[in-house]
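As given, the protein sequences belong to chains V and G, one line each in that order. Counted the way our numbering counts, the first sequence spans residues 1 to 554. Counted the way our numbering counts, the second sequence spans residues 1 to 310.
Derived by calculation from the structure, the hints in this document are not laboratory data. Some hints could be false.
Here are the computed lysine to any residue pairs in the SDA-like style, where the Cα-Cα straight-line distance is at most 20 Å [unchecked claim]:
| hint | chain 1 | residue 1 | chain 2 | residue 2 |
| --- | --- | --- | --- | --- |
| 1 | G | K310 | V | D451 |
| 2 | V | K443 | G | G135 |
| 3 | V | K479 | G | E101 |
| 4 | V | K518 | G | E101 |
| 5 | G | K48 | V | Q161 |
| 6 | V | K479 | G | P305 |
| 7 | V | K128 | V | F260 |
| 8 | G | K105 | V | Q161 |
| 9 | G | K125 | V | K324 |
| 10 | V | K324 | V | K443 |
| 11 | G | K298 | V | G46 |
| 12 | V | K481 | G | K48 |
| 13 | G | K111 | V | Q161 |
| 14 | V | K152 | V | T142 |
| 15 | V | K154 | G | K48 |
| 16 | G | K108 | V | N167 |
| 17 | G | K168 | V | N482 |
| 18 | V | K324 | V | P308 |
| 19 | V | K518 | G | K108 |
| 20 | V | K340 | G | D249 |
| 21 | G | K168 | V | Q45 |
| 22 | G | K105 | V | F198 |
| 23 | V | K152 | G | K310 |
| 24 | V | K82 | G | N170 |
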Amino acid sequence: MARVVVDPIPRIEGHLRIEVEVENGKVKDAWSTGTLFRGLEIILQGRDPRDAHLITQRSCGVCTLVHSLASVRAVEDALKIKVPTNARLVRNLTHAAQNMHDHPVHFYQLCALDWVDVVSALSADPKKTSDLSGAVSGRPQTTKYYEGLKGKLKAFVDSGQLGPFANAYWGHPAYKLPAEANLMAVGHYLDNLRQQVFAAQMTAVWGAKNPHLQGHLPGGVTVVEQLNADRIAQYLYLLKEQIAFIEEVYIPDLLAVASFYKDWAKIGGNKNFLAYGDFPQSDVEPDSFYFPRGMIVNGELKLVKVDPSKITEEVTRAWYEGDKPLHPSVGETKPLTGDKLKGAVPDTKSKDGKYSWIKAPRYDGQVMEVGPLAQCLVSYVGGNQEIKGTVDGVLKKLEVGPDALFSTLGRIAARGIKCLVNAKAAEKWTMELVENIKKGDTKTFTSYKMDESTNGKGAGMNDVARGSLGHWIEIEKGKIKNYQQVVPSTWNLGPTDGKNQKGPVENALIGTPVADPKKPLEVLRTVHSFDPCIACAVHVIDPKTNEVYKFRVS
Amino acid sequence: MDSFIDVPERLALKGVSRRDFMKFCGLMATVLGLPMSFIPKIAHAVAKRPSVVWLHFAECTGCTESFIRSTHPWAADIILDTIDLAYHETIMAAAGDQAEEILEKTVKDNKGKFICIAEGAIPTKDNGVYGKVHGKTFLEIGNQVCKNALATIAVGNCACAGGVAAAKPNPTDCKSVAEALGITTVNLDGCPPNADNMVATVVHFLLFGKMPAVDKLGRPLFAYGYLIHDNCPRRGHYENEEFVQEFGDEGAAKGWCLIKVGCAGPKTYHNCPKIKWNQGTNWPIEAGHPCIGCSEPKFWDEMAPFYVAK
Numbered sequence: 001m002a003r004v005v006v007d008p009i010p011r012i013e014g015h016l017r018i019e020v021e022v023e024n025g026k027v028k029d030a031w032s033t034g035t036l037f038r039g040l041e042i043i044l045q046g047r048d049p050r051d052a053h054l055i056t057q058r059s060c061g062v063c064t065l066v067h068s069l070a071s072v073r074a075v076e077d078a079l080k081i082k083v084p085t086n087a088r089l090v091r092n093l094t095h096a097a098q099n100m101h102d103h104p105v106h107f108y109q110l111c112a113l114d115w116v117d118v119v120s121a122l123s124a125d126p127k128k129t130s131d132l133s134g135a136v137s138g139r140p141q142t143t144k145y146y147e148g149l150k151g152k153l154k155a156f157v158d159s160g161q162l163g164p165f166a167n168a169y170w171g172h173p174a175y176k177l178p179a180e181a182n183l184m185a186v187g188h189y190l191d192n193l194r195q196q197v198f199a200a201q202m203t204a205v206w207g208a209k210n211p212h213l214q215g216h217l218p219g220g221v222t223v224v225e226q227l228n229a230d231r232i233a234q235y236l237y238l239l240k241e242q243i244a245f246i247e248e249v250y251i252p253d254l255l256a257v258a259s260f261y262k263d264w265a266k267i268g269g270n271k272n273f274l275a276y277g278d279f280p281q282s283d284v285e286p287d288s289f290y291f292p293r294g295m296i297v298n299g300e301l302k303l304v305k306v307d308p309s310k311i312t313e314e315v316t317r318a319w320y321e322g323d324k325p326l327h328p329s330v331g332e333t334k335p336l337t338g339d340k341l342k343g344a345v346p347d348t349k350s351k352d353g354k355y356s357w358i359k360a361p362r363y364d365g366q367v368m369e370v371g372p373l374a375q376c377l378v379s380y381v382g383g384n385q386e387i388k389g390t391v392d393g394v395l396k397k398l399e400v401g402p403d404a405l406f407s408t409l410g411r412i413a414a415r416g417i418k419c420l421v422n423a424k425a426a427e428k429w430t431m432e433l434v435e436n437i438k439k440g441d442t443k444t445f446t447s448y449k450m451d452e453s454t455n456g457k458g459a460g461m462n463d464v465a466r467g468s469l470g471h472w473i474e475i476e477k478g479k480i481k482n483y484q485q486v487v488p489s490t491w492n493l494g495p496t497d498g499k500n501q502k503g504p505v506e507n508a509l510i511g512t513p514v515a516d517p518k519k520p521l522e523v524l525r526t527v528h529s530f531d532p533c534i535a536c537a538v539h540v541i542d543p544k545t546n547e548v549y550k551f552r553v554s
Numbered sequence: 001m002d003s004f005i006d007v008p009e010r011l012a013l014k015g016v017s018r019r020d021f022m023k024f025c026g027l028m029a030t031v032l033g034l035p036m037s038f039i040p041k042i043a044h045a046v047a048k049r050p051s052v053v054w055l056h057f058a059e060c061t062g063c064t065e066s067f068i069r070s071t072h073p074w075a076a077d078i079i080l081d082t083i084d085l086a087y088h089e090t091i092m093a094a095a096g097d098q099a100e101e102i103l104e105k106t107v108k109d110n111k112g113k114f115i116c117i118a119e120g121a122i123p124t125k126d127n128g129v130y131g132k133v134h135g136k137t138f139l140e141i142g143n144q145v146c147k148n149a150l151a152t153i154a155v156g157n158c159a160c161a162g163g164v165a166a167a168k169p170n171p172t173d174c175k176s177v178a179e180a181l182g183i184t185t186v187n188l189d190g191c192p193p194n195a196d197n198m199v200a201t202v203v204h205f206l207l208f209g210k211m212p213a214v215d216k217l218g219r220p221l222f223a224y225g226y227l228i229h230d231n232c233p234r235r236g237h238y239e240n241e242e243f244v245q246e247f248g249d250e251g252a253a254k255g256w257c258l259i260k261v262g263c264a265g266p267k268t269y270h271n272c273p274k275i276k277w278n279q280g281t282n283w284p285i286e287a288g289h290p291c292i293g294c295s296e297p298k299f300w301d302e303m304a305p306f307y308v309a310k
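Pulled out of the complex, with its shape left as it was, chain G reads as follows (with noise of 0.2 Å):
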């Protein structure tokens, strides 16, 4: 835990510059489309642990379980030691009004200066009373919060194209966060997105000052710019047209193909065959299940039945 040391003080022990980290934020204030006047807030930012508020919406926790299983580096040391997770209601000790005072401040005193994450959509029906936090709406927290935050990132479907709760006949018009509040965000789609897209994400913006190059999604290309068939391990089975006709049949045994009983990885760009899940410990295909699509919007609705033949 020796990155306690801010970072300048960490920055110049490794040879950086002030002018180079200047030079730094001047690249994170292009990347982020934000005008050179900004830059000085963006440097300040970082001088800090930057200040990180978690927001939830309607959602189901996923997310942040996902995030908590990376181990390069560890959850604990990116909450702990690179940022400042100031507001994280799964995490956090603080409880009530004293919880809200928190993310008040967060806003108040690092106001275009905070990274946002958004987990979950936003009800928009009937003004968004079908969720609420503090007798708030989540669109009054997020009108509040995101359009104040250097950058919000959309974690998840829910979050990037309003998931499940937006499947039809989407009972509270649940939309994304980018559609519910007029802005533009960084999405790490999936159904969870993976720990490791969540954390390479982050750490791309502290290595390299900038958001990873995104896909017209918003996704970034590193973790979405492949398509699961072209990368999938049982794609030679494909070619010699060797299908699981169904489950438990010889082929399933055998680990053929499993388009006929309703993959979807032909259709989803996701990195999944590539790092797999839980540390490469496994993922789906390998699993002998269907690719369900979930890193693609509207999944729920466009890759149903799940487990019938696209």
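Just chain V, same shape as in the assembly (with noise of 0.2 Å):
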């Protein structure tokens, strides 16, 4: 039996530790340690609470504007604020855009090196592989273009240097691709590098930047000068760009690259699926999300309903004070420091050890998955037509069952599947709000008072590219009494609870096969198949001695 710690865990946003303990060849156990702290939650106490959205965004930048959205619902929701329809149109337009730029940097930058070899493209036929281009690709190249791309892979790697690609597990048994699809995977990896640029463009369109927007506040979207006809061209422009890109290269290579891996169908799977749901086509919220709310229990397609009051926190594992799980709105972060910190080092042997900065998120006790596969769940049974009809072309295509879904490959394709149905619905938004200005309306914002007589509760509640986000606020005289979020990778890379139920990565990581404790490719796969928003690092631990050992891989 072996301890292997991976940390840093690359290709994340943030900071995580990931160690397993692999026996005969799987992993038998799992631990998921975020390793920094920061306390926005307590930054936040006592701050005006339209200044949340600003900095409760920097949380992360990676997926920069969700967690604006969702802190200026949570005031809105407190104050019983109702937006303009085009604030709305506004932020699903915006939201949309996050989505359409996320999903595939995520498929490209940070997931793709775990399936495919990059050293293994020097061997690539560049014939063969504008053949499979034409076969696979919506946008097939020619044999002369993956000559000149081989050529500056070799250059590249002949100068010595090889930056981000070094070091790497680069012909590992586990990788499948033959090396002419491994050859057009980097063409596009490099391809998305740019397609990006133009993708973050959409959202600044409206939110005036990207990364860390500023187009929204509590009652609406500050846009209203620029809410005119070039605008919208100019996002609608980008939008059948991007569009394109995920019709003509993502999802192709998702297809492509998911046919030589259907043996990731079995593995990394979890049975508890919960979604907010987003995207609001009415002021009647939840009811009118176009992607539903609800939970899926057991592996079981059907939909069953939310009660957000059964939504806990517990800290018996993280580095936080309390005994008792609690609902967000009457949350806690308290973090341990000095002596009773102990170092932070993660404790994963003691049966109540502390190892974790991420909280124990829990619904009515029970551990949840959350993120685009809960999302495409969820929508599926929820009564989504386009989300049904994209999933059961693409299990009809790979001639898999829906039990396939239910797995680290799953995982990876339901984000393709969610980012191209949102992508289409943005279209039918962006009409939306070109008919709502038609008929005369150009009201972007809803007044409210905000002073010492300010009192209020509420929760913001969204489904974002990494899956369920909460905040919870507090108002008491204007300001913030009390600020708790609940984001996708505290329910996703959380720890063990009280009742020594593992969190959902650590569920999913159990089974998972490990060829070589000392390159533990298949970890990273099921770790970054939840696109974790966290950052991590790898070791190994000799169960007899506790020593760590340093491995030396050539």
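Relying on the hints, combine the two individually framed chains into one complex.
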């Protein structure tokens, strides 16, 4: 039995450490550790509630505007503010653009290198790669293009300075793509690094800048002078380009890569899923959400209703004070300090040892996975025909049944499916915005009072790129009395709870094959499939001596 | 990608002699305040693609995201052709021990010759245990890496000035990279810094062989030498006393001055009105949102509340 620690886990947002126990070539147990604490919830106390969306947006510069959205919704819920139709639509368009940026970046820049062997691409035949691209991709390239790409890659490798591709697990037996597919994927990795620039422009059209937009505020959106034909056309043009990239490159690559890794449709799954739902189509929330709110329990494809009062967070195994699960509306963030923290060294060995800065959210005491897979499953059974049709199409193409969704591969495929469906819905919302302005409605902000007489409690619940995101606020005398964020990666990457139930990523890792504990590529695959918004590292501990071995991999 | 050719060869093609090249390295040493004995080291540093180590401390990765929004040059071209981005947790393929090994080797083999880019603040409370990578605190990593670099560029308000994590009550005693480590940094401030300013700094360094001139806060003057208010397209409305009194009012619809709803433009040095964001797509004031002063130290405390006239 070997303990394998991966710290840092690269290609994620933030600082994450994953430790696994490997027995007979499979993960037997797993521990997920967030290794950074900043305390934004403490910083928010006593501030103007309208400022919270700017501060919470700094939770993450990758999913950026989603915290702004959750925050303004929480304040609006507390003050019973209804936002104008234009504001609702502009927010939907910006949020959809964020997903269209985020999901392809995850696929190409963050997770592809777990499945694509860059070094193997050096032995690809350019002619055959061109033929392959003609057969599977919507943007086929010529033999000459692939000769050039291969030449550049060779020169890069020959320079001896491998930059971000150095010292990885190249040549690992779990890489299964033919050399030509690897070369084609390297080309698309570079293509998306460019394409994402334009996807980000879509969010800046309405939100001023990306990352960290400045366009929302409680009551609506700030754009009004610029709510004009020129801006709408700019968004629509960028949207059409992005949809073309998703349809011609992203989805075909997803299907092509998945077809070589069908064994991963049986690895890395969970059974319980929660999606808050999102994209209001009227001011009736959550009933008008385009992606509905709901749960899937015990792997049964049946919609279960969500009661937000049953959400709790607990800290038995996290470095905080507190001894019982609390609803976020009365939640606490009291980090351990000084001697009590014991150096913040993860204690994964003792039964009740604390090992993470991430709290453990639960729904009615149950562990829940959140994210695009949860949102796709809930939408599939919750009446979203576009999701249902696209999911069925993908399953048919890969010749697998719905069970395949409950897996590492299912998680990656669901992200692409949600991205495509969301992008097409954005076209519809753009035209609704046009129609609404045509009717003469140019309102983008609802006025309200924020002073010493302002009190209230509210929640903003979104379903964003990485899953269900909730902000809970308590306002007293016009200031923030309490603020709690339960973010998607808190749900997915959180630790074991007081009832010894493992968090979703820990559960998903159990049973994952590990061919070589010194090169735990398979662990990265399942961890990355959750698109974590944190950061991590890998080392191996001998269970007898607890010594940490440093592996030298040539 | 023809710039895979190494630097002296590239320079020779452009008619730059070895003597000019050594002069360039001398200039670089002068600008960076290094003794002349460093010249051979600098020459070596640029003979291959210069090694760059990008560290993530207490941050949100927004600065990295901003950097990859650049188009002239494209981020991919900088990463693959211009520099040797040896360590960057968000981009690199290697994980765990193999990643740590790269960091150790890069620092050891290029001691005093690599550039460090630091994103995020450094928590200092309880010896910095609130932020770790590979079991080491950011404080330890900063001391091992930044202090062995040729120069450290702090990107973003957190690395430059402590940022959001250092906002009151600063729960983990976060400090800027310079303050936490006792070093001097070039500061590309902003939340995040603009991609155009980030690449302009790199390009300035590569073309002219020196870091750009900076203000007293270590911020390059080309980007932070202008007051937003002085270059604001809504300045005329300010002079005419045409103000947005409340969001959604007639003034907002007419694009009037945002100073009465909290704009920090008169207190903020940044070139946003000139270059805007995302290839000139937009910027906050154009979108009807007040400037929040994100390139100024302690703006989370000193510019807040953000929607109230200062």
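Do the hints match the structure? See the list:
no. : hint              : in the structure
1   : K310(G) / D451(V) : 17 Å, holds
2   : K443(V) / G135(G) : 52 Å, violated
3   : K479(V) / E101(G) : 48 Å, violated
4   : K518(V) / E101(G) : 13 Å, holds
5   : K48(G) / Q161(V)  : 9 Å, holds
6   : K479(V) / P305(G) : 11 Å, holds
7   : K128(V) / F260(V) : 17 Å, holds
8   : K105(G) / Q161(V) : 12 Å, holds
9   : K125(G) / K324(V) : 27 Å, violated
10  : K324(V) / K443(V) : 45 Å, violated
11  : K298(G) / G46(V)  : 17 Å, holds
12  : K481(V) / K48(G)  : 55 Å, violated
13  : K111(G) / Q161(V) : 16 Å, holds
14  : K152(V) / T142(V) : 16 Å, holds
15  : K154(V) / K48(G)  : 17 Å, holds
16  : K108(G) / N167(V) : 16 Å, holds
17  : K168(G) / N482(V) : 15 Å, holds
18  : K324(V) / P308(V) : 18 Å, holds
19  : K518(V) / K108(G) : 23 Å, violated
20  : K340(V) / D249(G) : 53 Å, violated
21  : K168(G) / Q45(V)  : 9 Å, holds
22  : K105(G) / F198(V) : 36 Å, violated
23  : K152(V) / K310(G) : 54 Å, violated
24  : K82(V) / N170(G)  : 34 Å, violated
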